[in-house]
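Colleague: Kindly produce the complete structure, drawing on both the sequences and the hints.
Residue numbers (full-length UniProt numbering), protein chains in the order written: chain L, 1 to 414; chain W, 1 to 374.
Just so you know, the hints here were simulated from the structure itself, not pulled from any lab data. Note that the coordinates shown come from a computational prediction; the quantities given were computed from them, not determined experimentally. Using N, Cα and C, we set each Cβ at its ideal position, and we do this for glycine too. Keep in mind that a hint or two might mislead.
Unchecked claim - In silico DSSO-like links for lysine-lysine, alpha-carbon gap of 27 Å or less:
1) W:Lys257 to W:Lys233
2) W:Lys196 to W:Lys95
3) W:Lys93 to W:Lys196
4) L:Lys75 to L:Lys315
5) W:Lys260 to W:Lys95
6) W:Lys152 to W:Lys260
7) W:Lys193 to L:Lys379
8) W:Lys196 to L:Lys379
9) L:Lys75 to W:Lys50
10) L:Lys68 to W:Lys95
11) L:Lys238 to L:Lys315
12) L:Lys379 to L:Lys369
What the hints assert, rightly or not - Negatives, chain L to chain W, calculated, CB over 12 Å:
13) Ala104
14) Ser145
15) Gly179
16) Ser374
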Amino acid sequence: MKKWMSILVTVVMLCGLLAGCGSSDGKKSDTAATTEGNTAEAVADSDIKVGFIFIGDENDGYTYAFYKGVQEMQKEYGLTDDQISIKWNVGENEDCYEAACDLADEGCNIIFANSFGHEDYMMQAAEQYPDVEFCHATGNQAAESGLDNMHNYYVAVEESRYVSGVVAGYKLNEMIADGTITEDEAVIGYVGAYAYAQVISGYDAFYLGVKSVCPSATMKVKYTGSWGDQSAEYDVAKALIEEENCVIISQHSNTTGPASACEELGAYVVGYNISMTDTAPNAALTSASLDWGPYMSYAVGCVLNGESIDADWCKGYPDGACMITDINKNAFSEETYSELTTKVDEVEKALTDDTMEVFDTSTFTVDGKQLDESYEDSKGNKPIWDGAYHESYFFSAPDVTFIVDGITELNQVV
Amino acid sequence: MNEKQAVKKEPFLRLSRRDDLPFLKSCGIRLIAVLLALVLCGILLFFLTKENAFSVYRTMLYGALGSSRKIWVTVRETMFLLGVAVALTPAFKMKFWNIGAEGQMLAGAIATSAVMIYGANLPAPVLMICMIGASILAGLVWGFGPAVCKAKWNTNETLFTLMMNYIAIQFASFFSVFWEAVKGSGTIGVINKRSKAGWLPTDFLSGIFGRYNFAIITLIVLALLIFVHVYMKYSKQGFEISVVGESTNTARYAGMKVKKVIVRTMLLSSALAGLMGFLIVSGSSHTVSTTTGGSRGFTAIIVAWLANFNPVVMLIISFFLCVLGQGASQIATDYNLNESASDVVCGIVLFFILACELFARYRVIVRGRKEDAE
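Modeller: Take a look at the structure:
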């Protein structure tokens with residue numbers, strides 16, 4: 001008896017739901033039916049639908065940067081909110097595959113994902129929906145996947161890192177000049193997430209930027225083992241300052257933990273993604289930042305014009321994808337500040353005009369030796385020519401695994 | 001005077017157990033609970049989305065059942081949840097509080113992944129059998145400790161099985177690094193993504209079930225459901241379980257080997273949970289991580305309890321919860337809310353359903369009213 005009651009109740013509940021919902025005709029489910037035929041042909045502005053799969057939401061700096069890109073792209077093409085569909089907090093598991101299929105079923109012509117671990121699932125979906133374009137950030141399998149509709153993209157963030165390194169170098173010079181530290185004490189600490197190419201590439205570039213203006217600088221790297229762990233980043237930054245006597249901290253991780261540590265302990269900080277001046281009004285120097293808008297606009301533009309999208313895309317200053325946030329005036333003397341801004345403008349201009357290389361092999365050594373053209377990357381390409389290592393040339397994802405002399409790793413995380 | 005005092009001593013509200021609730025009334029209580037929950041969610045969603053509640057609920061239904069893919073995904077999730085609830089049934093019937101299904105399932109998932117990774121070149125049927133065997137074995141290992149300790153020393157199985165969950169989660173995080181696809185990424189990625197070795201096919205009888213289906217998973221879980229139901233209801237062992245659950249002394253008096261029953265039943269339960277780990281990895285995720293279990297081991301407890309172990313009701317409740325979950329994540333996407341909004345909706349509905357059980361099972365008596373007043 002009791003069983004049947006429960007069954008009936010549940011059935012009644014479900015029927016109620018169905019009936020209640022069926023009665024009012026909304027607009028949402030229609031979207032599935034309207035945009036069926038996605039072909040390689042041009043798509044009208046008003047017909048295109050763009051899907052996004054994000055690992056986090058606006059509260060996390062990494063995803064926030066992508067969301068800003070979405071808004072720029074949306075503005076550029078004048079898309080309505082209904083033409084944008086975002087799946088937030090999608091894990092690096094089959095949820096990503098379902099999300100991609102869902103978006104494709106809803107009629108999206110192009111779908112972006114933003115986390116490294118999404119790639120396999122994006123490829124799985126790309127195989128199934130050959131008429132939909134799939135773009136995956138930080139991945140490295142698109143070119144060799146044999147799928148025309150699978151693409152990788154990244155931003156040449158090493159350029160931003162390099163420029164932010166120049167800013168840090170000026171601070172070191174200022175401290176050396178006013179006697180706060182000696183030349184040998186110009187030690188920088190770096191809070192990294194994992195010992196992963198993306199991170200290594202970033203801190204090598206940052207350090208080269210520092211060294212270009214302050215040759216005596218050295219750097220110590222400590223990993224947290226997480227992309228976004230506020231307290232771990234705080235602790236690691238604190239350890240670097242107190243135990244390793246680092247005077248400036250930079251980071252490749254997503255929280256404001258290092259900035260809080262620096263503000264508290266009187267060190268300076270170069271942040272990532274977002275400006276740290278709110279968290280550390282005295283300690284923040286600048287942040288290496290990037291903009292995903294140019295890529296999103298490029299890729300969506302390709303779909304609109306019926307053009308094919310590059311399998312690998314990685315652009316920097318020339319395309320407006322790289323930048324540093326405003327330099328914090330409070331942290332510098334007036335004199336240094338004006339010298340610094342002139343220098344930064346100069347470096348940024350050189351990067352924009354493509355007249356300088358971040359990884360100029362004459363500026364650094366690895367294990368005491370200069371790298372030469374025989375150097376091979378992880379896929380057997382030879383990215384060194386004309387006296388420079390060309391990051392992201394063969395595929396968009398960073399691939400630097402060498403650690404420039406002058407940098408010491410203090411720990412290893414797996 | 002005396003009567004007045006007696007009334008005063010009585011608490012303002014008190015509960016008395018209902019013996020037999022009229023059918024319609026019980027439906028009414030549960031219906032009211034769900035309606036109240038939906039109204040409350042509607043109000044909340046209105047403030048969050050500025051859309052009327054009906055169109056929000058319509059979006060939810062669309063999210064769960066709006067296309068054949070969505071229906072299959074919802075069915076798949078239902079089957080996973082139901083399967084774990086089925087796995088819990090024998091142990092729970094025996095009043096062995098196995099809250100370690102999450103860990104047993106995860107252990108099964110890790111074992112399945114290991115076989116998929118190291119045995120990718122085996123012939124398909126052999127590989128499948130090895131995967132199934134490994135997952136069951138891993139589930140057994142995870143259930144063995146709590147079972148034996150309970151039988152031998154009457155240790156607290158709730159704590160023991162709970163602890164085993166954390167061990168399984170630690171193993172999962174170890175293996176996500178040990179087998180990671182790219183150094184530093186900490187994720188395994190899709191296993192055998194080219195060869196698809198060890199993947200349960202999703203085009204089984206595609207003429208009947210459609211190009212993309214989870215019919216195999218559905219059939220296996222339904223078979224387990226029937227098997228466990230028949231085992232519990234019609235076998236001698238099933239009878240022993242219910243006797244031990246009611247009273248171990250009675251069982252002993254009737255000449256049952258209580259220890260043996262405890263160990264055997266818990267092993268059955270954990271083996272089934274391990275097998276669910278196989279279904280999840282081979283049938284859907286094709287990878288393993290700390291979140292592979294997706295808390296199903298805990299949600300399934302609610303399912304089993306609400307249904308009072310009735311197989312049909314378990315199926316319906318699992319389905320309802322999964323429709324709710326899938327639908328809620330659709331709202332999150334369509335109205336640009338984050339995933340927490342869908343957790344809130346599911347939470348409210350679950351809370352009301354659970355709370356209404358109080359009123360379905362007990363009668364609230366207001367002070368001063370007559371006890372038989374209905």
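Colleague: Taking the numbered hints from earlier one at a time, note which ones the structure violates and give those numbers from smallest to largest.
Modeller: 2, 3, 10, 11, 13, 14
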